[in-house]
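Using the sequences and the hints given, assemble the complete structure.
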Amino acid sequence: MDVQIDRVNAAILKHKSRKKALIAILQDIQAEHNYLPPDALRAVARSLGVPLIDVIGVATFYRAFSLKPRGRHIVTVCLGTACHIRGGPKILEEFERKLAVKPGETTPDGQFTLETVACLGCCAIGPVVVVDRDYHAHTTTRKVDGILKRYRKPGRPS
Amino acid sequence: MKNLPRLQSVRDLKKAVADAKRRRAEDKRPVLTVSAGTCGRARGSLKVISALEKSLKTAKLEKKVRIRVTGCHGFCEAEPNIIIQPQDLFYQKVDPKRADEIIGQTIKKKKVLEDLLYKDPATGATACEEHEIPFYKKQNRLVLGDNALIDPTRIDDYFSIGGYGALLKALTKMSPEEVIGEVKTSGLRGRGGAGFPTGRKWEVARAQKATPKSIICNADEGDPGAYMDRSLLEGNPHRVLEGMMIGAFAIGAREGVIYVRDEYPLAVENVTIAIEALRRVGLVGENILGTGFDFDFKIAKGAGAFVCGEETAMIASIEGRVGEPRQRPPYPAMKGLGGKPTIINNVETWGNIPLIITKGGAAFASIGTAGSKGTKIFSLVGKINNTGLVEVPMGITLREIIYDIGGGIPGDKKFKAVQTGGPAGGCLPASKIDLPIDYESLAAAGSIMGSGGMIVMDESTCMVDVAKYFLNFLRDESCGKCVSCREGTQRLWEIVKRISEGQGKDDDLVLLEELAESVKDASMCGLGQNAANPVLSTLKYFKAEYRQHIRRKKCPALVCKEIVSSPCHYVCPIGQEASTYIALVAQGRYEEAYRVILKDNPLPSICARVCHHPCETACRAGESGDPISIRAIKRFVLDWAEANGVRYVPEPVRQNKEKIAIIGGGPAGLTAGYFLARKGYRPTIYEALSVAGGMTAVGIPDHRLPKEVVAREVEFIKASGVTIRTGQVLGHDITIDGLFRDGYKAVFCSTGAGKSLAMGIPGEEAEGVLHSLEYLREINLGQTVPVGKRVCVVGGGNSAIDAARAAHRQPGCEKVSILYRRTKAEMPALAEEVDAAIEEGIDIQFLVAPIRVITEYGKATAIECVRMRLGDKDASGRRRPVPIEGSNFTMPLETLILAISERPDTSYIGEGDEIRRVEENIHIDEETAMTTRAGVFAGGDAVTGPNMVVEAMAAGKLAAEMIEKYVRGLPMQRDYWLTRPSMYVPPVSVSEAEAARAERPKIPHLSPAQRRKNFREVEMTLSEEAACREARRCLRCDLETQDGKAAVGAKP
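Sequences listed follow chains S and R, in order.
Using our numbering, the letters of the first sequence correspond one by one to residues 1 to 158.
Using our numbering, the letters of the second sequence correspond one by one to residues 1 to 1052.
Calculated directly from the structure, the hints in this document are not laboratory data.
Fair warning: this is a prediction, and the values are worked out from it, not measured in the lab.
Be aware that a few hints might be false.
Partner residues are not named here, just some residues of chain R that face chain S (Cβ under 8 Å, in silico) [claimed, not checked]:
id : residue
1  : Gly225
2  : Tyr227
3  : Glu263
4  : Glu840
Calculated lysine to any residue pairs in the SDA-like style (CA-CA distance at most 25 Å, straight line) [unchecked claim]:
id : chain 1 : residue 1 : chain 2 : residue 2
5  : R       : Lys138    : R       : Pro429
6  : S       : Lys20     : R       : Val284
7  : S       : Lys102    : R       : Arg486
Note that beta-carbon positions come from the ideal geometry of N, C-alpha and C, so glycine has one too.
Written out as structure tokens, the structure is:
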């Protein structure tokens, strides 16, 4: 496990080891590691003096946290109400087919993690798909291939 | 901005605001305001900005023109947009490539680029300025309006519009009690969901002794479909912060927490920048401006849990715990963050506070209704033309929002419902269109205001699916603390899911209602208490749609996949398995394809030529491209079978002795006969004319449907065991009573709609005026009907086009004009037929209505017409044509053909027959196809009036099913099945390159020259290669059901 424990400690210190900052600390660790490594959770529990079970409780309660490593690119398909009625679920299925993974899973080559979100607040341009921080508006099933291709290209800054 | 001095006193702030205002007023440079909220950026506004910067630099204008990067202006549909001052021009959907032109033309030469202006799709009028656009006209943007004026990352921009003036007023001229009093006077109610009066909440917190008190800004906008809080926080963070500071002053709080969704990165960024700016100028901290007011902000980022919108859950989350709500009271106003009094309001509520303090509570209360004051921001999304954020006075009607501001439903589809209030809200049906939108009216109608999401749904939205969607969301988001919510939402979802899959039971609806009430009663927080709303409100207004799913296994909106399977198969009135035969064609298995077609369709070659192909209209490939050319593929299969001598011989079946009579040998009668024969009966068809086939034989000319094709299909029906007796007129040669006397056990009336309607204009009785039906019948029966040189046809249906094209083929005919009172878009005729007519040189005059036939010696010589324009929509949803006064003109003619409409002629039914009619149409029980007389069934045009071939065939097929039940003495109940193919054909693999290249084929036609003055069939068959290529383009929806996936393996 290549957890950079000094980075984890830095995140804890940044929030002055306050118990109340648990979520913020976990957010910082996830931003750094792309997920929450078990060792990091143990380190947080120790440093804050919080039982590990409570740390894991928080880490599994909130949708934003992942206990599994995620891919280089995060494909987030919006399933908000507006996107839903404009065909969001069909877009998700197309990504599932093209990537051969289910939401929450990562492709075996570690390139993509497929995720869903309840709403991105860009309802006017739905169905919306966000890859990393790029928004793709008015997505159709036919555009899915093209979107993936842009990120598959080696060397493209993500 | 960096050199803004630290503000140490009230005077410093006053001066900073005054300076900023003055600088703004004195700066006379043109300004390019670019909206760059999240939506704008998603549509490329940052690229527009850099292109504009580059163009300005090239033009050496970078010092003379300002670019202001703002948040969202609300009109998301028009993104990226630019407002250009001083002209106040509004350019929409700006491409970065246009930057040079905008600078060169509009900035330098003051020329307006017309094509970038907004055009009203309804009237075609262009709007130069933002306020002229219908989307903005009825809005009152008191809260959101400032977004367009400021760069959210610059505090001096906020100062320049008088920012922090309200805080100044509160700190220097008002006591905390006076601030609370003003908020109470305003009548402001929480904009986040429940609508609790804000002033009262503050009063409670103010009265608490415990300290330190806190305030929280709820920016965890969790309702899917609502995004006004994001827009406000992104586009005008200081306004929200100012509101919070006023609130803190009022209740005596020292700390303000902004709990913001992590899914809103730009909002987090801009509010962070804003707080840093406040810290830099000294507007937060100890003893702010020397007034003794201590206050600071903290940002807490949400981690994605809908339940954290609930106050106590949010507090738990801010305190680093799992976001589970707790029992209230005590309310957070008494015991909140850290156990101390805490006020939580949402972004929009805080955004209203500066306005109330500046203008006064009374002024605010003058807007809105008795119980709902001020304006409310709604996110108008879904199936609506002008998507965006709209800020309107409370009490505005739904109609004004959807039609006047929203511009109606795209594609002129029917408005079905609007969902308000997010997952805890409800769906309002179209009948509530005139409902005033305020807290009380929405609650009375069974929904809630919620945070202001307004999701518009059209006929292609399934309400069962919508309920399932929200339940899925809620069962996922239920925190799990209360069993009623955790298990209840799960079970509700399972039941609705079952219904959506066509597996519902009759008592499911009762169970749903009972369970919904229990979840409501037994759950602790708002999530659980409202979790049943999506079910209850859809059940309240759309129970019939649930029932259709349960009893008939139908999803009228074509959404529920397990019910619909392939839309082409599902919508076909006779249940043709289009998806199956297309899949077989894709593999070159034509003979099997032929058998699949024949299984459900005894008149396939007729359908392959004249069917109005609802399958193609429903085809999913048509949603983002062209639908599959299904009819042409069918034609290819049938022509291939014909050419290769492949014939389908029905398997022999056990004989049944009961005699069954069918009256009328059109598509309905022939189909009924065929399917009865397949069930072992030997029915007899009595046909009045000398040929069988009905309208397909005598109503459609040979250039579209050759006689031989009809004759061949009729022979096939006969060969299957049906006797056809021609020249037998009901009421003359036979009677219904007589048939029963002769031992027939059941009679099927499919006598069609053969009576032409008169127009009701003077002169239509003259010689030379024909009815299309009679005209087509005569030429189809081989008579010659001279029409002269000039022919006019009145009407816009297929019959009008057929008559026009037939007349045009007559020797000596020089000019044929079709007169239609609406436009091409409203024409009921098939578009391909209209195009073919135009191609052949037929003149179609749109928006023209005849008013009088001019005669000489009793013979028609001309027609007087008036030009029309389209007015408002009529009951059918089409725009009503209105005559233009004084536009009369005449057209000379030798023959006038009226193709207005037909109706059934059922004068053969007498009183004693006990068969109920509605006008001339025979009335049947929709479920059993039986008339009011036992044993007499009816279907086709005689029941529906003029209709499509395949609809008549469906009526025949149903009649065969029900007649069999009747004569066997079985319960008269229709069988309903899920749409499923009879076989699963493995998919073909299509490369990305092929998929990208594939397009709907052009169907070969005879050239107009080859068609001149003859009745050779115009449309030809696809080549084998073209048919296969087109079949490979099919999306194979049939493989997306659970059955389909299982049949071919999960991963094709």
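Non-conforming hints, listed in increasing numerical order:
Failing hint: just 4.
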